[in-house]
Amino acid sequence: MLLTAVVLVDKIRVWVPTLLLSSSMVPYATTYITFCLPTRIVSKQLLQWLDNKLYTSYLRLCSFVFECLSNVSINFYGDISEIRNIRESALIISNHQSNVDWAVINMLASRQTSNGMEYGLRFVVKSAINFVPLFGWYIFQHGYIYVRRFGQFVPDPLLRQFKNLRELNEPFWLHIFPEGTRFSRKKKSLIEISHEYAKKAGLHVPQYTLLPRAGAFTLALMELKDTVEYIYDITIAYDQTRLPNRMGLAPNMFEFVSSAIGPKGLHIHVRRIHISEVPLEKEATKQWLYDRFAQKDKLLQYFYDNGNFPDLFEKDAPKISFNKTIIPFVGFFTALMLPFFSKPVRNIYIGTVATSPFLIAWLHLRKCV
Numbered sequence: 002m003l004l005t006a007v008v009l010v011d012k013i014r015v016w017v018p019t020l021l022l023s024s025s026m027v028p029y030a031t032t033y034i035t036f037c038l039p040t041r042i043v044s045k046q047l048l049q050w051l052d053n054k055l056y057t058s059y060l061r062l063c064s065f066v067f068e069c070l071s072n073v074s075i076n077f078y079g080d081i082s083e084i085r086n087i088r089e090s091a092l093i094i095s096n097h098q099s100n101v102d103w104a105v106i107n108m109l110a111s112r113q114t115s116n117g118m119e120y121g122l123r124f125v126v127k128s129a130i131n132f133v134p135l136f137g138w139y140i141f142q143h144g145y146i147y148v149r150r151f152g153q154f155v156p157d158p159l160l161r162q163f164k165n166l167r168e169l170n171e172p173f174w175l176h177i178f179p180e181g182t183r184f185s186r187k188k189k190s191l192i193e194i195s196h197e198y199a200k201k202a203g204l205h206v207p208q209y210t211l212l213p214r215a216g217a218f219t220l221a222l223m224e225l226k227d228t229v230e231y232i233y234d235i236t237i238a239y240d241q242t243r244l245p246n247r248m249g250l251a252p253n254m255f256e257f258v259s260s261a262i263g264p265k266g267l268h269i270h271v272r273r274i275h276i277s278e279v280p281l282e283k284e285a286t287k288q289w290l291y292d293r294f295a296q297k298d299k300l301l302q303y304f305y306d307n308g309n310f311p312d313l314f315e316k317d318a319p320k321i322s323f324n325k326t327i328i329p330f331v332g333f334f335t336a337l338m339l340p341f342f343s344k345p346v347r348n349i350y351i352g353t354v355a356t357s358p359f360l361i362a363w364l365h366l367r368k369c370v
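In my numbering, the protein residues as written are 2 to 370.
Rather than coming from a laboratory, the hints here were simulated on the basis of the structure.
For each residue, glycine too, the CB sits at the ideal point set by N, CA and C.
Keep in mind that the hints are not guaranteed to be accurate.
Said to hold, decoys possible - With a straight-line Cα cutoff of 25 Å, these simulated DSS-like cross-link-like pairs (lysine-lysine) come out:
| # | residue 1 | residue 2 |
| --- | --- | --- |
| 1 | K287 | K226 |
| 2 | K325 | K201 |
| 3 | K189 | K283 |
| 4 | K226 | K187 |
| 5 | K299 | K287 |
| 6 | K226 | K265 |
| 7 | K368 | K164 |
| 8 | K316 | K127 |
| 9 | K187 | K164 |
| 10 | K287 | K164 |
| 11 | K201 | K283 |
| 12 | K187 | K368 |
| 13 | K127 | K320 |
| 14 | K189 | K200 |
| 15 | K265 | K200 |
| 16 | K164 | K127 |
| 17 | K188 | K200 |
| 18 | K187 | K127 |
| 19 | K164 | K54 |
| 20 | K325 | K200 |
| 21 | K265 | K54 |
| 22 | K127 | K265 |
| 23 | K283 | K200 |
| 24 | K201 | K265 |
| 25 | K316 | K299 |
| 26 | K45 | K200 |
| 27 | K188 | K127 |
| 28 | K188 | K201 |
| 29 | K320 | K188 |
| 30 | K45 | K368 |
| 31 | K283 | K54 |
| 32 | K316 | K188 |
| 33 | K187 | K265 |
| 34 | K265 | K188 |
| 35 | K265 | K316 |
| 36 | K283 | K164 |
| 37 | K226 | K283 |
Stated by the list, open to error - DEER-style ranges, computed between Cβ atoms:
| # | residue 1 | residue 2 | range |
| --- | --- | --- | --- |
| 38 | K189 | N53 | 41 to 51 Å |
| 39 | I130 | S322 | 29 to 39 Å |
| 40 | K188 | R149 | 40 to 50 Å |
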């Protein structure tokens with residue numbers, strides 16, 4: 002009986018981080034909708050400030066999960082000193098091999114100056130995410146950009162979001178995964194297609210990434226070239242991929258946070274590139290991106306050979322301050338417990354969840370996707 006209970010608790014432990022982050026979107030969306038409705042009363046500047054505070058609190062809850070609970074060792078390489086103490090708008094590109102990668106970018110944002118810059122973080126994401134209840138609607142409001150992986154390319158939704166970013170009166174990071182999907186040894190057909198295209202085009206044949214797609218990056222570069230001064234080229238690697246039985250497979254969220262299998266180390270290499278170094282002609286931009294990913298592939302080869310990247314800046318970096326993460330954790334945890342003790346709160350949350358189909362419909366009627 003006791004052994005069964007221990008096994009059950011261990012299985013539940015794996016799901017706790019996911020349940021915490023996903024269910025927290027209900028009180029999050031409830032709060033955001035409450036502020037959004039009286040838009041004629043609340044000024045645009047005040048609404049943006051409130052949204053930034055709310056968004057930062059959620060990303061710090063994510064930091065609590067992905068840094069504090071996971072107890073991962075974080076190692077920084079490259080041009081960290083150039084970006085650590087400034088807040089600037091930037092386009093960010095990185096390799097993509099895990100559903101933890103976005104949290105890694107957040108780890109960088111949380112260390113921008115002493116107060117962090119999580120509020121400025123936006124991502125280009127797959128259009129399918131718009132169907133995720135509440136979350137899909139909210140992230141568009143905060144400036145995320147939806148792109149279609151299949152079918153006809155529709156630029157209008159992207160152009161509107163780029164316009165909104167240009168009009169922001171604060172710095173932002175716009176992150177793009179140029180590969181378009183996660184690299185995994187299990188995706189043999191995708192890897193073969195990537196290799197065949199590279200060979201035919203006379204490009205470097207990548208072993209640890211997919212060949213990048215230049216569409217979203219090229220459009221972002223053209224639309225934001227007068228707003229963004231730097232590009233951050235980030236390469237991410239996980240110690241778990243080097244384990245003999247992993248065969249290069251990156252950890253998923255469950256394994257990253259809850260797995261007892263080690264070593265649990267994270268390696269983040271950053272290159273800060275002035276936008277003047279990037280050619281603006283379409284084909285030249287595409288070639289520049291191919292070249293960056295060829296360098297990225299060589300960096301990953303170095304990692305698999307040596308267990309680290311060159312240009313070490315900080316080994317086993319201190320975790321984000323506990324004081325920054327504990328308040329969001331307590332706040333969201335309390336908000337999640339309230340409906341168990343308060344019927345009015347429970348009814349409000351049910352009402353929020355019930356709006357999901359209408360919010361998804363709103364995205365499509367407004368042609369945001």
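Evaluated hints:
| no. | hint | result |
| --- | --- | --- |
| 1 | K287 with K226 | holds (16 Å) |
| 2 | K325 with K201 | violated (50 Å) |
| 3 | K189 with K283 | violated (30 Å) |
| 4 | K226 with K187 | violated (37 Å) |
| 5 | K299 with K287 | holds (19 Å) |
| 6 | K226 with K265 | violated (38 Å) |
| 7 | K368 with K164 | holds (15 Å) |
| 8 | K316 with K127 | violated (33 Å) |
| 9 | K187 with K164 | violated (38 Å) |
| 10 | K287 with K164 | holds (23 Å) |
| 11 | K201 with K283 | holds (20 Å) |
| 12 | K187 with K368 | violated (35 Å) |
| 13 | K127 with K320 | violated (30 Å) |
| 14 | K189 with K200 | holds (16 Å) |
| 15 | K265 with K200 | violated (35 Å) |
| 16 | K164 with K127 | holds (20 Å) |
| 17 | K188 with K200 | holds (19 Å) |
| 18 | K187 with K127 | holds (20 Å) |
| 19 | K164 with K54 | holds (22 Å) |
| 20 | K325 with K200 | violated (48 Å) |
| 21 | K265 with K54 | violated (31 Å) |
| 22 | K127 with K265 | violated (28 Å) |
| 23 | K283 with K200 | holds (21 Å) |
| 24 | K201 with K265 | violated (38 Å) |
| 25 | K316 with K299 | holds (21 Å) |
| 26 | K45 with K200 | violated (51 Å) |
| 27 | K188 with K127 | holds (18 Å) |
| 28 | K188 with K201 | holds (20 Å) |
| 29 | K320 with K188 | violated (33 Å) |
| 30 | K45 with K368 | holds (22 Å) |
| 31 | K283 with K54 | violated (38 Å) |
| 32 | K316 with K188 | violated (32 Å) |
| 33 | K187 with K265 | holds (22 Å) |
| 34 | K265 with K188 | holds (24 Å) |
| 35 | K265 with K316 | holds (14 Å) |
| 36 | K283 with K164 | holds (20 Å) |
| 37 | K226 with K283 | holds (14 Å) |
| 38 | K189 with N53: 41 to 51 Å | holds (43 Å) |
| 39 | I130 with S322: 29 to 39 Å | holds (30 Å) |
| 40 | K188 with R149: 40 to 50 Å | violated (20 Å) |
Violated hints for the displayed structure, listed by number in ascending order: 2, 3, 4, 6, 8, 9, 12, 13, 15, 20, 21, 22, 24, 26, 29, 31, 32 and 40.
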